Amino acid sequence: MVVIGGGVIGTSVAYQLAKTKRKVMLIEKGEIGGQTSGSCDKAIFLQSKQPGLPIQMAKASMRLYENLEDELGMSIEFKKNGGMIVIESDTHMDAMAKFVKERKKAGMDVKLLDRNETLAWQPGLSSHIAGAAFSKEDAEVNPLRLSQAFAQAAKRYGAVVRTHTEVTDIICADGKVTGVQTTDGKIAAETVVNAAGPFASQIAEMTGIGLTIMPRRGAILITEKIEPFIHGNILCSQYIAAKHAASGDGDIPPYGIGLSLGQTERGNLLIGASREFKGYDKAVGPDVLSAIASHATRIAPALNNVNIIRTMVGFRPFTGDGLPIIDKAKAVEGFITAAGHEGDGIALAPITGHLVISLLEDEEHYKDWLKRLRLERMHEV
Amino acid sequence: MRITEHPVLGKLEKKPVTFSFNGKKYEAQAGESIAAALLANDIRILRYTEKHGTPRGIYCGIGHCYECRVMVNGERNFRACITPVKQDMQILSQHGEIL
Amino acid sequence: MTYDLVVIGAGPAGMSAAIKAAKAGAHVAIIDENPVSGGKLLGQLYHEPDSGWWVGRNIAREMIAKASSLGVAIFRKMEIWGIFPKWNIMLNNGERLTTEHVLIATGAAEKAIPVEGWTKPGVMAIGAAQTLTNFHRVKPGKKVVIIGVDPLSLSVAQELKMAGVEVAGIYPPPATEVSSDKSNPKQIIQGLSAMAHLAPNALLKAAGKAANHPTIKNIAAKCYPSFGVKVWGIPLHLRKTITAIEGEKQVEQVRITAIDGNGNQKNGRTKTMGVDCVCISGGLYPLSELAEAAGCDFVYIEELGGHVPLHSPELETTKDGIYVAGNITGIEGAKVAMAQGELAGTAISSRLGLLQKGSDAISEAQVKVQDARANAVITFQQHIESGREKLAQCWHTNVQTSSGKG
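Protein chains in written order, with numbering that gives the first Met the number 0: chain V, 0 to 380; chain E, 0 to 98; chain S, 0 to 405.
Hints were generated in silico from the structure; no laboratory data involved.
Given the structure is predicted, the values throughout are model-derived calculations rather than measurements.
We put the beta carbon where it would ideally sit given N, CA and C, even for glycine.
Warning: the hint list may mix true and false statements.
Stated by the list, open to error - Cβ pair distances, simulated, as ranges: (1) V:K103 / E:K85: 54 to 62 Å; (2) E:G30 / V:E76: 50 to 58 Å; (3) S:T118 / V:R309: 19 to 27 Å; (4) S:E288 / E:N72: 26 to 34 Å; (5) V:E70 / S:M272: 33 to 41 Å; (6) V:L63 / E:K85: 54 to 62 Å; (7) V:K277 / S:E288: 17 to 25 Å; (8) S:T118 / V:T162: 46 to 54 Å; (9) E:G30 / S:A375: 25 to 33 Å; (10) V:E189 / S:A375: 44 to 52 Å.
Unchecked claim - If you only want the chain E side, here are some residues facing chain V, beta carbon under 8 Å, derived: (11) E49; (12) K50; (13) G95; (14) I97.
Make a model of the complete structure from these sequences and hints.
What follows is the structure, encoded as structure tokens:
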């Protein structure tokens, strides 16, 4: 079996395939975690997910995270340190109260904090903040370490990992996958898992399957290391709007910016992020970067004194309905899609590996979920 | 630690200025970097790391490694290796605090 | 502000280019983050066989005067936070410079050798020690050891000694999983062949000359005395290494361990020596973040020092209007950087229509670069010529592929 894509999704899938004694080769065109997984933030938010399937999957994934460090035998900097969605103005309070209520109903541990409670937990925030939704279930992980840990663990179970190798074609005969052509030769395989994230439609194209996963560009600013400043991870209530709004729903900030704020193990702040459809062009203009920075300083004024040392830009695989595609292709036997997680790839990486196994083995367990993650749903709208 | 005589470069022209580091007064030569001025006064520890508080001094000397950041007149993040010392400059070691 | 050319980096390459283009009539700005222009020239001091002492700070002073008299706008203490098409240079003070031609001449940085204890105050890059000594006239330490045996470290060792610093020894770094060449006495002897003509010691001279002969190289490594060989009175060790730098808050002593002819540590044989400064010489690599940010294509060429922006014989990168000169194109001396700067300045002047029709100024400038390379007193990278050839080949292939696409 071949897995295409060495991000958090591809490595998770390769790990589960190898662990269940399948002969696996993971093919990555660059480095492990070098694209989307290496240019995103580290938060695993549960409360930001929509009630229903998104929350159920995120919760199942979180349960897998609890023991993942031990299982993979490497630190992935997983911490269940809580998450907060800050509410900037009183006008958002009502909507967020509803947001919290819905999530409580879905069985989540979320509460609404007022201004004082918010500032007590995050003293670095501006005093104009109206309040926040807080959940101690939210967590974080280092996505680069996560993808490397999955890849290493997959190798221990016998998987072969080929980096700097690009898939140039998928070879099919009689409607079945027989192998892949790469920049480093041909590899025979009866099953190919397309975990190429924002590049998944290009891979699917090689088999003639149309896959509408679009690259949604996101830029994140990285600051110098500073003393502990942000506790857990922060989203701005506008993030929820930016994430779930398809286009211009009134209160949308420019460049689709929804603030996310977190501090790494080493002390750098990650300040995200914009959400733009610009094809595969990585050249983000100065106005986008400035807009992210000014939003961040509005939420946390002390950041005015902090230097930005780098920015990173990546593409999130966007499907349009907030759910990934995890499905067998009907037209081409042996071609499996596991892509389109957009901003939820980190949260859903562990469960995605299990879902692919379940799909391959035609298990009952996740059948209801997989039904909703089918490829065809994209054409049914 | 100052090289006052040099076989090729000759005698050092002195233009002394005074500055303070962590509250103590020192003498420097006008135009030289903060790191050079402190080293001339036998001071190597410029800052302490954000996370573990271990000491750091000048490393690369070209402003690239950012190990020598100090606070100057109340403002953070001046690279001691490429920031010239000036008369009455107040320099403090940084610890990663931002407020 | 709009300029015909914005030069990034006021070192030997950037200054030469600015002067050349300004002379031709271009409106030029130079941006540099340092308070004094000159880049690495400021710390340079070495003796040339024919023309005497090369005092870099004097050369820099002349170039600054020249550039100023030609009306070049020099932005000092200014950082660039971004470069955006086509081309906007964003300065840290909020200013934006607009230009069609950018020369990135950001030079090089030093690779670290992470010996145990290397983050302690008192440990510094060899280049920092050089600038402190020759430019600021401050001793980096009272008693110094140097880790890393290469042309730069030997040259700085001599400069330190001249300034009255006690240099207690030059040692190869301890071998690690990732790098062993710099720790292997045989490889070091081979590397020193690059400076055989100015080796200050008969044994080294002989070893350097014979270094390409495998047997002699082995004998030289094996027979190298455990107490070292003195160069300019400084012990140069090839059979000992520094395994740790110790001290409570800052450098107090180093731990020295014996190694065999292949660089492997011999068990148990360690001793300590009191020092207050350790200089690390891990070699240089091109400083190319800005070219990367501008979207230039890169190639990895070991002989040039690592990843370099792919560039044409006229020093233009794969991004229209972005040029490179100096150490960003490969690790070489200041004279090559200056010649490259003149070439870039000439090529850009030509693009601006400032050269006379039929002028062969560009090819003349190209010949000057080759001459400077051929006459270099110190070569920092072995096989620089073959590195340049590889780069030319890459450019050629690139041109063919992209014209094929069009």
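Results of checking the hints against the structure:
no.: 1; hint: V:K103 / E:K85: 54 to 62 Å; verdict: holds (59 Å)
no.: 2; hint: E:G30 / V:E76: 50 to 58 Å; verdict: violated (45 Å)
no.: 3; hint: S:T118 / V:R309: 19 to 27 Å; verdict: holds (21 Å)
no.: 4; hint: S:E288 / E:N72: 26 to 34 Å; verdict: holds (29 Å)
no.: 5; hint: V:E70 / S:M272: 33 to 41 Å; verdict: violated (48 Å)
no.: 6; hint: V:L63 / E:K85: 54 to 62 Å; verdict: holds (58 Å)
no.: 7; hint: V:K277 / S:E288: 17 to 25 Å; verdict: holds (22 Å)
no.: 8; hint: S:T118 / V:T162: 46 to 54 Å; verdict: violated (31 Å)
no.: 9; hint: E:G30 / S:A375: 25 to 33 Å; verdict: holds (31 Å)
no.: 10; hint: V:E189 / S:A375: 44 to 52 Å; verdict: violated (59 Å)
no.: 11; hint: E49; verdict: holds (4 Å)
no.: 12; hint: K50; verdict: holds (6 Å)
no.: 13; hint: G95; verdict: holds (4 Å)
no.: 14; hint: I97; verdict: holds (5 Å)
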